[in-house]
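Could you build all of it, start to finish, from the sequences and the hints given here?
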Amino acid sequence: MAAIPTLLPSEEFREALRRRGGEAAARCYQCATCSGVCELARDEAPFPRRLMLWAQWGLAERLAADPAVWLCHQCNDCTARCPRDAKPGDVVQVIRALVIEKLAFPGFLGRVVGAARTTWPLLVGLPIAFWIALLAVTGHFGVPAGLPQNWAYEQLVPHLLIYSVFFPAAAWTLLAAWVSGRRFWGLLAARGPRKKSFVAGLWPAGREIATHTRFASCGEAKPRRLGHLSLMWGFVGAAVTSGLLIVGIYIQHLAMPLALTHPYKLLGNVSAVLLVVGAGVLVANRLGDTLKAGAATAFDTYFLAIVVLVIVTGVLAEVARLGLSPEFAFGTYIVHLGLVLSLFLTFPYSKFAHLLYRSLAMVHEGGSEAETARP
Amino acid sequence: MTATPSRPLLVVGAGIAGITAALEAAEAGREVVLVERDACVGGRVLRNHHYFPKLCPPSCGMEINTRRLERNPRVRVVTGAQVTGCRANAGGYEVTITHAPAYVNDRCTACGACTPVCPARVKDPFNLDMSEVPAVRLPHPNAWPKRFVLDRQACPSGCHACRDACTYDAIDLDAGERTETLQAGAVVLATGWDPYPLERLPEVGGGRSPDVISNVQMERLAAPAGPTGGKIVRPSDQQPPKRVAFVQCAGSRDVNHLPYCSAVCCLASLKQAIYVKEQLPEAEVTIYYIDRRTPGRNEEMLGRVAAMDGVRLVKGKVAKVEPNGPGLALRVEDAQAGRIVHAEADLVVLATGMVPSLGDGARVFGLACDDDGFGVENSGIVVAGVAHRPEDVAASTRDATAAAARACVAAGRSA
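Protein chains in written order, with the working numbering: chain A, 1 to 375; chain B, 1001 to 1415.
Just so you know, not all the hints are guaranteed correct.
[As the list claims (entries may be wrong)] With a cut-off of at most 20 Å between alpha-carbon atoms, the simulated DMTMM-like pairs for lysine to aspartate or glutamate come out as follows: (1) B:Lys1320 to A:Glu39; (2) B:Lys1315 to A:Asp43; (3) B:Lys1320 to A:Asp43; (4) B:Lys1320 to A:Asp289; (5) B:Lys1315 to A:Glu44; (6) A:Lys222 to B:Glu1203.
[Stated by the list, open to error] Just some of the chain B residues that point at chain A, by a computed CB distance under 7 Å: (7) Met1062; (8) Asp1254; (9) Gly1316.
For the record, the hints were derived by calculation from the structure and aren't laboratory data. Beta carbons: idealized from backbone N, C-alpha and C, even for Gly.
Below, the structure is given as structure tokens:
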């Protein structure tokens, strides 16, 4: 007879699940409709039924080590069909938030961001306050006199100042993400044998991330897929633009501000359009049918709000430079810098961390093709 | 106590619950009026091929019941009529009974001379619309009262072939509706149930493929008096199915459909699995379930079916049924194995549940319903059978007996 597995239910996890919006899990009676409905579920490892069972039991260790948690796009096809209104889509969303918190390094930052419902003023306010203080201390607070007509932001906030904040912030974030990612990768390997090596999994995973092909099989979430795709490529475009600008400034010695017709500028503006469209779709989805969007937890709303505010202040700062007063532009820019810093620093602990964990889960699974292949 | 003769009990609905309540009260000495909307008594049970767990035909027991009705002078059976009004008064209730036009009256001897000359065809309600019958006919072989019915709406304009053929002057094509008033001491409502509509279950093929049928349709397919003469075949090509899948909880225990357990579907499917295997020993039968609810002596039936060769019980609610070539493709998680099953079937039986059928009753009798639509008894109006709660035939008869007792008490109180 096989050994009886020892389960370690965590009452703490169960309590956190209830508190954070996953209380409907208690209604699940394991009929498996959800797994049967889910187009993302692989035949040999269907979800979300087992995730619901583990959530009811509080088996946090198993949930943290299961790639299925991340392969779910919360399209809520399962929630729409659930005969018990146990809202599997919403529950798995809360599980993701709790896994992010569990794997966070250092742990206390995970808890601080995890409690975004109460800590959000701190998470948004501190980085903005930091920028104001930094500019004040370095004598850059305020609009300098004698600004030319076609001024550039560099004349308000020197690039060096920006690098001195964002390079260390990025380095720290990458370190924290690396530690958490290693933890997750190890848990995945301990739970199930890896199909392929990390490198072999990169290509199919990368293709899925770039195209959201599997996401398209989510019935209830068609508009959200396009919104997310647009937003993601907008961020990629913005990041590439930033890299190109560093090349432009230090290697090509381009004069700032660039003309609106410059390729870098065009790329930046196309990215901005993608960001605005993507964020708009996601916000509209959030405000629309709550079944399709899923319940909004504070943790989710916090991340979406930060993303939207970064985009809004970014676009507003550009527009302000072209037409509005430099004072208004300066204010907007500071808020923008603060929000971007917040986004950077909370990356491993906020919903943003799905970029890390979902990507790793997809690499682990070897990408989309093998998974969706049907007999 | 007054010396005036006590008022009769009114029993509404002559299915197994209503017949039982009427007989129990009458045999206890009460006058009873039993009102049935259909042309004959028997209700849903007569449409079953077999009862579980004994696997015997319901017509047997119903014959005993109709004999009891016939022999008991205290029961007046009124068929083809509905209660359309009810007003509480000092001695109980004043009730209005509306009789549907008696196109075929009680002079009918069921000789059958009319049927061959009838040019009109209608879908047979006794066979759940799965076959066609002449507009004038005996409703089914076990019809009681044994009298023909005429679906007047189906008559071609000006046709009177049946009237001409009838030598007993039993057909009156110009019959009209009539009403009567009755003073009743108390009321037993036993209006039964309707099958949950297949069309509401399109995700599992309901209404989208002829080969996705309900469990009540399966009973007709297997019944000797059914549309296929008792041959279990796929409706699409009339071939015997090689693979039969039962989808349990199809529309039951589901907040999107019926939130309650319909109480009979597990056993109905086990029963059907047994008779499918008896008729088609080579067929592969799979029952997909959430839980197997077989309390009491029914547990033995579960054991019997589980031990049968070629029958599998798979834990998992079927999520999707889609046409796939000539067959049907099922998608379900086998929750014990933890994997998705892509099963093929030739015939899918949706184990649909029971919807309480109070019809206009709730309004006419001023009756409250619970959240699920089942009738809630008030002092002089007692609800019995599946109009009261989901239950099988055995429980329904016990419920009806209890209802008869309570109605007798209520009638005694108001007299």
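Interface hint status, methionine 1062 (chain B) versus chain A (Cβ within 7 Å):
35 Å, violated
Is lysine 222 (chain A) within 20 Å of glutamate 1203 (chain B), Cα to Cα?
19 Å, holds
Hint validation: glycine 1316 (chain B) versus chain A, beta carbon distance must be below 7 Å. Holds or violated?
4 Å, holds
Measure nothing beyond the straight line between the CA atoms of lysine 1320 (chain B) and aspartate 43 (chain A); if it is 20 Å or shorter, mark the hint as holding.
14 Å, holds
Straight-line Cα separation of lysine 1315 (chain B) and glutamate 44 (chain A) no greater than 20 Å?
Holds - the C-alpha atoms of glutamate 44 (chain A) and lysine 1315 (chain B) are around 16 Å apart, at most 20 Å.
Pairwise hint evaluation, aspartate 289 (chain A) against lysine 1320 (chain B), where the allowed Cα distance is 20 Å at most:
Between lysine 1320 (chain B) and aspartate 289 (chain A) the Cα gap is close to 24 Å, so the pair fails against 20 Å, i.e. violated.
Quickly compare the C-alpha distance for lysine 1315 (chain B) and aspartate 43 (chain A) to 20 Å and report which way the hint goes.
16 Å, holds
Is lysine 1320 (chain B) within 20 Å of glutamate 39 (chain A), Cα to Cα?
Status holds; Cα separation ~11 Å.
Can we keep the aspartate 1254 (chain B) interface hint, with Cβ of chain A closer than 7 Å?
Given a least distance of 3 Å, the restraint on aspartate 1254 (chain B) holds.
Of the numbered hints listed earlier, those contradicted by the structure are 4 and 7.
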